[in-house]
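As a plain string of letters, each chain reads:
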Amino acid sequence: MTLALAASLAMPPARASASPSPSASPPATAPASSVPSVPSASPGPGDTNGCVVCHGLPQIVHTQSGDRPELWVTIDRIQASVHATLACTDCHNPLAATGHPVMDRAVGSCATCHVAQQRAWAAGAHGRPSDEGPSPTCVMCHSAHDVVPPKDPAFRLGLSERCAQCHSDIDQYPFTSNALGMETHLGRLDIATCDDCHAAHEVLPPGDPRSPLSLTDRLATCRSCHTGAPDSFAQIQIHVASGPLPADPRLRLATLWMLIILIVTFAFFGWLTALGIRHEWRRTRAPDTEGA
Amino acid sequence: MRATATVRGLGAPGQAPQRVVRRFSWWQRATHALLAFAVFGLILTGMPLRYPNAFWASPLFVLWRSQAGAAAVHKVCAVLFFAAAGMHLVTIASGLATGKVRLRTLFGPDSILPNPKDVRDVRQHIRYLKGLGPRPEFGRFAFWEKFDYLAEIWGLLVIGLSGLIMWFPVPAARVLPGWVVNAALIFHSYEAILAMAFLFTVHFFNTHLRPEVFPVDPVIFTGDIPLREVGERYPGWYRRLDPSASRAVPGGKPSPIAHVIAETYMAVGIGIMVLVMLTAVVEAARFLVALIRG
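Line order of the protein sequences matches chains C and W. Per my numbering, residue 687 is the first one in the first sequence, and the count goes up by one each step. Per my numbering, residue 99 is the first one in the second sequence, and the count goes up by one each step.
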């Protein structure tokens, strides 16, 4: 334990027992402005077992191994989440008995209730060990404490950015390159985002036959919104690479053709307009030279 | 024959009657007014949808309430755009039906369709602007006006069809391969940039902001062009003009509605033009900064 953490751990019990109006005796160890969330650090409807007495203090983030912002959990955050009625130990089960072991038991804890999602996750690529980094568990997408229902607008609209935290290659395919991306970027909730096509828990690469985007299932996935979509509908590219020229030769040709028209038109008429302006300039400057 | 008189297209109060020629019927003027209205709406909704991070996008979304509002207005304006095209088809059909438009006149010197003389006119006009020759004897429409007209038809086809493909992707995919839906977005956005930049620079500078008619050429809004201007601007047409085609109108009676429309449109158009140019400057500056910073 660092000194800072020790200090912050030592301070709150005195505060919690001091009085129901915390502003009466601000702690000397921290400026009053830095602890705005402390007044609400009293056990709420979801029994937080006193955890937030320490974890509700911003100083808790300072640890021996550097700052760990995720340690700071206020009662307000829990109350705002869909898990407001749960107690901390409902998920952090080992903590009640053992103190503070560092372990990611998220999947096991979540699966206490969300069995189907846990199974789907384990069957997908996200549930397998990967060479590309740690496999994402529940909390990487849903967060640990600010859990909201997946239908929540903020969750839906922010989903693509969450996916992009690991799938950073998506940056090559900007949202402006496809209609779905443009619409979700602009706040449409009824438009498909990542998980609507790629599945939410059993996430698999499109090459996998079990993926909703496999060649056999792709059209059915399109049809879940676009009823009656014909076969060629599944050929529409959703992630089109950015850059001035698309990789697809046909789209590249279309872009080049339009660029040539654009450049030729403006080169010619720009030149003509410039000549016209010069002509007018000369005519108004030296009216005598013009024949009557 | 130089524009020495101060009389403009609409005349000034208290002046003697002047002879004018009917250049555009009320139906044609309504077509242009509806088309311009629809194009303004399409630009002011389409541009923020395509470039939501531009500095002018969020105020426009406030104007349209939301992006869904902008998309809805875009589709309403698209319908008006097609309606203007339909009005023009009515013009052509009625012209053919009444015999006003004949195949012979369509390919004649006063047609809006281009002919070989326009190629010569382009060369001669460039020589004229360089001070090396006389002004070409334009017919009823100068070559840049013909280009405006054809560009409008081209633009309507490209932008209208690609827009319809994206609006109705499922029926479109029934008859088209999937990649065409992707290509539709490319065609639609490039053609929109082309059309917008063309309208607010070339069309405005060559048709409306010319010194002789500055700030707006009222003919497309009032329908009447003074006979004197016909002689100056379209000498070929002037020579062929039936003397009975012109009529005397009392001076100083400009149509207030036409003027309100003309000036409102000009204000909106110049507003968009300023935004387009500002964006170009901002983007160029951003590009230079990125270049310098490496």
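Keep in mind the hints are simulated off the structure, nothing from the lab. Just so we're clear, the structure is a prediction, and the values are computed from it rather than from any experiment. Just so you know, not all the hints are guaranteed correct.
Far from chain W, by Cβ distances over 12 Å, these chain C residues were calculated [to be verified]:
hint, residue
1, Gln804
2, Asp817
3, Met826
4, Gln851
5, Glu869
6, Arg874
7, Gly893
8, Ala915
9, Pro932
10, Gly956
11, His965
Chain C stretches covered by chain W per the calculated footprint, using a threshold of three residues with CB under 8 Å from any CB of chain W [claimed, not checked]:
hint, region
12, 827-836
13, 941-952
To give a feel for the contact side, a few chain C residues facing chain W, derived at Cβ under 7 Å [claimed, not checked]:
hint, residue
14, Leu843
15, Leu845
16, Ser846
17, Leu961
18, Glu966
19, Trp967
Note that beta-carbon positions come from the ideal geometry of N, C-alpha and C, so glycine has one too.
Exercise. Against chain W, run the beta carbon of Leu843 (chain C) and see if the smallest gap drops under 7 Å.
Key: Violated. Min distance 12 Å.
Quiz item: Is the nearest Cβ of chain W still more than 12 Å from the Cβ of Asp817 (chain C)?
Solution: The assertion about Asp817 (chain C) holds, with a minimum of 32 Å to chain W.
Self-check item: Gly893 (chain C) remote from chain W - nearest C-beta pair above 12 Å
Solution: Gly893 (chain C) clear of chain W: closest Cβ-Cβ about 19 Å, beyond 12 Å.
Quiz item: Would the least Cβ to Cβ distance between His965 (chain C) and chain W come out above 12 Å?
Solution: Violated: least Cβ distance 4 Å, not greater than 12 Å.
Self-check item: Per-residue hint verdict: Trp967 (chain C), partner chain W, C-beta under 7 Å
Solution: 10 Å, violated
Practice problem: Using 7 Å as the Cβ threshold, decide whether Leu961 (chain C) counts as touching chain W. | Solution: For Leu961 (chain C), the interface hint holds, since the closest Cβ of chain W sits about 4 Å away, which is under 7 Å.
Self-check item: chain W over the region 827-836 of chain C, status - at least 3 residues with CB closer than 8 Å
Solution: Not satisfied, violated; 0 residues make the cut.
Practice problem: Say whether it holds or is violated: Gly956 (chain C) keeps its Cβ farther than 12 Å from all Cβ of chain W. | Solution: Non-interface label fails for Gly956 (chain C): nearest chain W Cβ at 8 Å, not farther than 12 Å.
Quiz item: Can the hint on Leu845 (chain C) be confirmed by a CB-to-CB distance to chain W that is less than 7 Å?
Solution: 18 Å, violated
Quiz item: Holds or violated: is the Cβ of Glu869 (chain C) farther than 12 Å from all Cβ atoms of chain W?
Solution: At about 8 Å from chain W, Glu869 (chain C) fails to clear the 12 Å cut-off, so the statement is violated.
Quiz item: So is Met826 (chain C) really clear of chain W, every C-beta pair being over 12 Å apart?
Solution: Correct as stated: the minimum Cβ-Cβ distance to chain W is 27 Å, above 12 Å.
Quiz item: Minimum Cβ separation between Arg874 (chain C) and chain W greater than 12 Å?
Solution: Label violated. Min Cβ-Cβ 7 Å, cutoff 12 Å.
When held up to the earlier numbered hints, the structure conflicts with 5, 6, 8, 9, 10, 11, 12, 14, 15, 16 and 19 and fits the remainder.
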